[in-house]
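Asker: Since the structure of chain A is already known, use the hints to place chain B on it.
There are 2 protein chains.
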Amino acid sequence: MSYAAAFVDLDGTVWRGRSAVPGASAGLRTLRDAAVPIVFLTNNTGVRRDAVTSRLDAIGVAYEDEPVVTAAWATAAYLAEHRPDASVHVMGRDTVEAEIEDAGLDVSAEGPADVVVVGYDDRVSFARLTAALRAFGPGTVFVATNRDRTTPSEDGPIPGANAFVSAVSGMVEQDPVVLGKPETRMAELAAARHDVPVHDCLMIGDNLETDILMGERAGMDTALVCSGVSTRDDVAASDVEPTYVIDDLGEIASLL
Amino acid sequence: MSYAAAFVDLDGTVWRGRSAVPGASAGLRTLRDAAVPIVFLTNNTGVRRDAVTSRLDAIGVAYEDEPVVTAAWATAAYLAEHRPDASVHVMGRDTVEAEIEDAGLDVSAEGPADVVVVGYDDRVSFARLTAALRAFGPGTVFVATNRDRTTPSEDGPIPGANAFVSAVSGMVEQDPVVLGKPETRMAELAAARHDVPVHDCLMIGDNLETDILMGERAGMDTALVCSGVSTRDDVAASDVEPTYVIDDLGEIASLL
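Chains as they are written, first to last, in the working numbering: chain A, 1 to 256; chain B, 257 to 512.
Same shape as in the complex, but just chain A:
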């Protein structure tokens, strides 16, 4: 089967911590040889294109300048489309602020804002939560980059974006518009940006509850790689049904 593009997750699919996932380099090569355009699609908000380049270089995975779509970029693209004149308060990583400023919006640090964006925030503090709370006024729109519950790290799980999103939601009693997986907005923005119909693309990722669920919701074929979060046992126990289940990205040739 041929696809208009392959949306490829990064963490657990291409890399794990500071190592390449076995088969990742071969899998990417297979997609390129089959002329299936690659778009990297990650809920990570701390990474920009240049960081992806250097990280893949460092672990020996060839990178051929393919587009990288992060939840930070998607958030900025969403705001540029829906609220181009908004003032935006950001509780998250610098990368998120930078993407939003690059998209032409005003980032405001103090007082009420038109939009409050919340994501993974390793600088969280009482003062930052207070500033986020006070950024809300009548009509303020609440936007979350993503709602990953936790993030794996080398010495155990650390808080994911949902810790910070839920903290703010718990103060303002308002549910956010969510950009990242498993919501479909990021996939739709990526598809539109690269001018392909989203349902003609293949979503490849390691997480049933984010990558595969998003693909399913967006009407895409999906390939679960068992090199990260989810296992074949998880598939058997889940309502989310990947189109394909493979050990790792190295086996992608069998699906094309």
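A couple of the hints might just be wrong.
[To be verified] In silico negatives: residues of chain A with every beta carbon more than 12 Å from chain B:
1) Ser19
2) Val52
3) Arg83
4) Val168
[Said to hold, decoys possible] Covered stretches of chain B (chain A as the covering partner; in silico rule of three or more C-beta atoms under 8 Å from a C-beta of chain A):
5) 369-382
6) 494-508
Keep in mind the hints are simulated off the structure, nothing from the lab.
Glycine is no exception: its CB is placed at the ideal position from the N, C-alpha and C atoms.
Answerer: Just chain B now, with coordinates in the frame of chain A:
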């Protein structure tokens, strides 16, 4: 009408910031003259009995050594009753740790614990959220002191306990057992401790959604004082129905 005891909220009912609420001193005097025992009942977790004494002294409200029931005390009392042998991880104020230790339980700072208690935490940080996350193991019980969304302060709203409770809940996908108002556990523990039937007590407070809702749920008569959070307009718009609405604690004589 005569009551077995009056449960009196503090913030917005007796004091506001560093000032006495007008009528507070007279209202407390009225209750004492009518021989209605007073129990102060607050969601505040940063205050202990000696702090209440000195704060009331400082603002000129006579305090006659009445019991003070805080959400921190109630949390400790609940754990002493239900999980006396538990190791407890606390994300909250020192006062909460102190109450739990006073109740004879072990407070553990690192690694998995039997119980995780979360409340208002003005020292919140990424490291403290990570420690709370890693305190969860199979069977860990999640307990919240209270879920106040925000807390009033002199220069505007600041995060309430629910910011921190929701942050943890958003990482572990588990709902907590809640001790504070509007849940009824704190009132029931206070009534049992002071040996009065809870439904023979009168709940007096300034907040429809915490004080009055808790009283309603516990089968108590309730008096809303309009000296704090909720107004007569809020009453008209709410499903929560106080038995009485008065301007402030000074008018309590009309209900006895």
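Asker: Each hint: holds or not?
Answerer: Tested hints:
1. At the 12 Å boundary, the C-beta of Ser19 of chain A stays outside the reach of chain B, the nearest C-beta of that chain being 23 Å off.
2. For Val52 of chain A, the condition that its CB be more than 12 Å from all CB atoms of chain B holds, with the nearest at approximately 24 Å.
3. Annotated as non-interface, Arg83 of chain A keeps its C-beta farther than 12 Å from every C-beta of chain B; the closest such distance is 24 Å.
4. Not every C-beta of chain B lies more than 12 Å from that of Val168 of chain A, the closest at about 7 Å, which undercuts listing it as non-interface.
5. Interface restraint, the stretch 369-382 of chain B with chain A: holds (6 residues with C-beta to C-beta distance below 8 Å; minimum three).
6. Proximity of the stretch 494-508 of chain B to chain A, defined as three or more residues with a beta carbon under 8 Å from a beta carbon of that chain, is not established by the 0 residues found.
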